[in-house]
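Protein chains in written order, with the working numbering: chain E, 1 to 264; chain H, 1 to 393.
Simulated from the structure, these hints should not be mistaken for laboratory data.
From the three backbone atoms N, C-alpha and C, an ideal C-beta is built for every residue, glycine too.
Worth double-checking, as some hints may not be accurate.
Claimed, not checked - Covered stretches of chain E, going by a simulated chain H footprint (3 or more residues, C-beta under 8 Å):
id, region
1, 2 to 10
2, 96 to 105
3, 208 to 214
Stated by the list, open to error - Computed list of chain H residues with no C-beta within reach of chain E, every gap over 12 Å:
id, residue
4, Asp23
5, Glu52
6, Ala55
7, Ile102
8, Asn202
9, Gln234
10, Gly358
11, Ala363
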Amino acid sequence: MEVSTFIYPYTAWTDSFVHTAFENAAATLSGAEACYQSMKKQGKLPEDSHTKFIAFGGDGGTYDIGLQSLSGAMERGHDMVYVCYDNGAYMNTGIQRSSATPKFADTTTTPAGTIIPGKMQSRKDLAKIMVGHHLPYVAQTIALNNFKDLYEKAEKAIYTEGPCFVNVLAPCPRGWGYATEDLMKINKLAVETCYWPLYEVIDGKYKVNYKPAKKLPIEEFLKPQKRFKHMFKAGNEWMIEEFQKEVDARWQELLDLEEITNKE
Amino acid sequence: MSIRERLSGNEAAAIAMKQINPDVVAAFPITPSTEIPQYFSTFVNNGAVDTEFVAVESEHSAMSACVGAQAAGGRAMTATSANGLSYMWEMIYIASSMRLPIVMSLVNRAVSGPLNIHNDHSDAMGVRDAGWIMLFSENNQEAYDNLVMAHRIAEHKDVLLPLMVCQDGFITSHSIENIELIEDDKVKEFVGKYTPEHYLLNQKEPIAMGPLDLQAYLFEHKKQQADAMCKAKQVILDVAKDFEKMTGRKYSFFEEYKLEDAEIAIVCMNSTAGTTKFVVDELRAKGIKAGLLKLRVFRPFPAEEIAKALSHVKAVAVFDKADSLNAAGGALYTDVTSAMYVNKNQVPCINYIYGIGGRDTKANDIEAVFNDLQEIVKTGDIQNPYRYMGLRG
C-alpha cells in the first residue's frame, strides 16, 4: 500500500498517514493512539476533535511477520481498526507463500513440484485468532455485490469503540492466476463455495452474514485459478477431495460457533 | 534549592522521566533497565505524570510505538538494554530518518550471544551509525543530568534527531549513590513545551510521514541527517551552558581530568572513568603525569576537539567496552585514531578491549595500562596496538 500511494515527494493521502516498517502497523498506531489519548487528556488537542485510527496490512504483514505486533495492540485495547488485505501470499515480493496461503497452492516458495505438489499446510484462520482476543468487533468480508457487506462492516468497525479487526479477501490476478476482469466472479465463487464465509463476531457472538442456499463445490473456486492448476491433473483428485473436506469442516465449525455463541 | 537524594542509576533515570512528563512512554522489560519502566508505571498509576504508558509486547513494538507517538505530535520516551536494543534496530534507523526526537535511556549490557546480562557497550556500539545522538554517563548524576538536557538537544530545530542516554548496567543502574536532583518546576521550565512544526494529529495540516524514498531523494535526505548531526555539536554545548547556569554542573563533549599537563592519558566512557580518576590520582601522588579524557558525547563524535585535547600527551590508550571483532580494534579506538590522524596528531595510541560481559575492571588493571603507556613513551614502540585488559591468559 505504502509503495503505491506515497512515493516521495508525492502522496495520495489527504488525511494524515504514517508508514514506518512492514511488520508493525499495529504497534506504530498504538503509539499514535496513545499519544492522542494523552494529548486529549491534557487538553493539548481541540476538545471537539475526534480521531479514528485505521491500520492496513497485507496477509504477510498481518498473519505472519506482524502477528505479534497486531496481537499486542489488540490485547492492549487501543481504539483502532486493523484492516487486513488478505491476498493469500507475499505478492509484493513475487508470490511467496504466507500462512494465509491455502493448501496446495502453487507459489514461488511452494512450487507445485513432482515430489511436493505446492503448499502442504492449511491456511491459518486469523479472524478466529482475533476472536480469541475478545475484541468488541471482528469481521471477515470481501468486495461483493456493490461492496455492501464491506461497507457495512467497515462502518461498524470504525464506529465501535476499542480494538476492531476486519479481514478482507483481496484476490490477486497475478498471484492467483486469473484474468483481472474476473475479479468479481472470483470473489463471488469464494463466498458461494464457502471458501471465504462472510461473518462477524460482535462481543463474542458469531453472526454468519450469508449462507448460500446451495453451496457450490470447491472446484468452481479452484478451477479458474492457475495456482491450483496441478490439482486438476489426472491422479490428483485426492487434493480436491481433501480441500473440499477442509472447507466443509471449517464451514460447519462456523455454523456451530454461531449456534453456540447465540444460545440464550 | 536542589534536592539531595540517594538513588540508583535506574531510579535517577525514572525520576528524570517523571519530571520531563512525556506524553507517551512505551517500553518492554529487559535486565538491567527493567526498573525504569517499573518505577515509571507507578508514577503513571499514581497520577504523578500525564503520560500514557504503553506496555508493549516487545522492544520492536516499543520503538514502533515511540515513532507513532512522536510522529503524532507528542514526546515519547523508552528504556532498554542489550538484546532489547538489537530487537529495536530496524526502528532505530527509522526513528532518526523520520527526524523524530525520541529520547531513550539505554542501560548498557552485553548483547547475546552467548547470553550475558552484565555490562559492556556492545549494545550501544551496534547503533553507533544509526543517526542517534549518544550521550554516555559516568554515574547516576550524569545519567540524570543528561536526560534533563536530552529534549532540549534532540528537539532543537537545527537537530531533530533522537537521543539516547547511556549508563552502565548494574555498575551504575543498580548502585545507590548520592545525587542532586533539580526541583520539578525548574526541570519543567528547562525542558520546555514540545511544539513540533508538523505532526499527524494536527487537523489543520494533515501530513503523510515515512514515504517510499527512491534514488531521486534518499541521498539528499540522508545528507540532511548528517548535517543535523554536525549542527548538534553546537546545540549540545549551548544546552550545557544553560544547564550549568541552572545547576552549576558543567558539561561539554568530554571531561578532561588532569589532562592539561598529562604525559600519558586514557580515553574511556561511562563508569570506568570513575575508576580511572582514582588511578590517575594515585599516580599523580607518585609524580606520574597521568590524565583522563572521559567522552560524554560519542555521537556526534567531537573528532577535532578530541585530537586537540590529546595533542600534547606522549601516549594514549583508548578503552573499548565492546570488541569490534574486525582484526583492527574497537569502535572508539578507530574513531579516536582517525580523528588524530586527520588532525595531524601523531601521538602513539593503543587500544584495550576490556570489561566484556561484565568482567570487573580493577584499579590495578588500569594502573598496568598506564605502565604500558610509560613504556611506550620510553621506547617509542607501540608493538601490538590491539590489546586486551582483564582477559584471563
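Structure-based check of each hint:
1. With a cut-off of 8 Å between beta carbons, the region 2 to 10 of chain E has 6 residues touching chain H; three or more are needed, and the interface restraint holds.
2. Check result for the region 96 to 105 of chain E against chain H: violated, 0 residues qualifying (beta carbon to beta carbon below 8 Å, three or more required).
3. Closer than 8 Å: that is the beta-carbon criterion, and the region 208 to 214 of chain E has 0 residues meeting it against chain H, so the requirement of 3 is violated.
4. With a cut of 12 Å on Cβ distances, Asp23(H) falls inside the contact zone with chain E, its closest approach being about 4 Å.
5. Residue-level check failed: Glu52(H) sits 4 Å from the nearest beta carbon of chain E, not beyond 12 Å.
6. Against the 12 Å criterion, Ala55(H) falls within the reach of chain E, whose nearest CB is about 7 Å from its own CB.
7. The claim that Ile102(H) lies off the interface is violated: its Cβ sits roughly 10 Å from the closest Cβ of chain E, which falls inside the 12 Å cut-off.
8. In this structure Asn202(H) is not separated from chain E by more than 12 Å, as the shortest Cβ-Cβ distance comes to only about 8 Å.
9. At roughly 29 Å, the least C-beta separation between Gln234(H) and chain E is larger than 12 Å, which holds for a residue marked as non-interface.
10. No beta-carbon of chain E comes within 12 Å of the beta-carbon of Gly358(H); the shortest separation is about 30 Å.
11. Residue-level check passed: Ala363(H) sits 45 Å from the nearest beta carbon of chain E, beyond 12 Å.
In the structure shown, a violation is registered for the earlier hints numbered 2, 3, 4, 5, 6, 7, 8, in ascending order.
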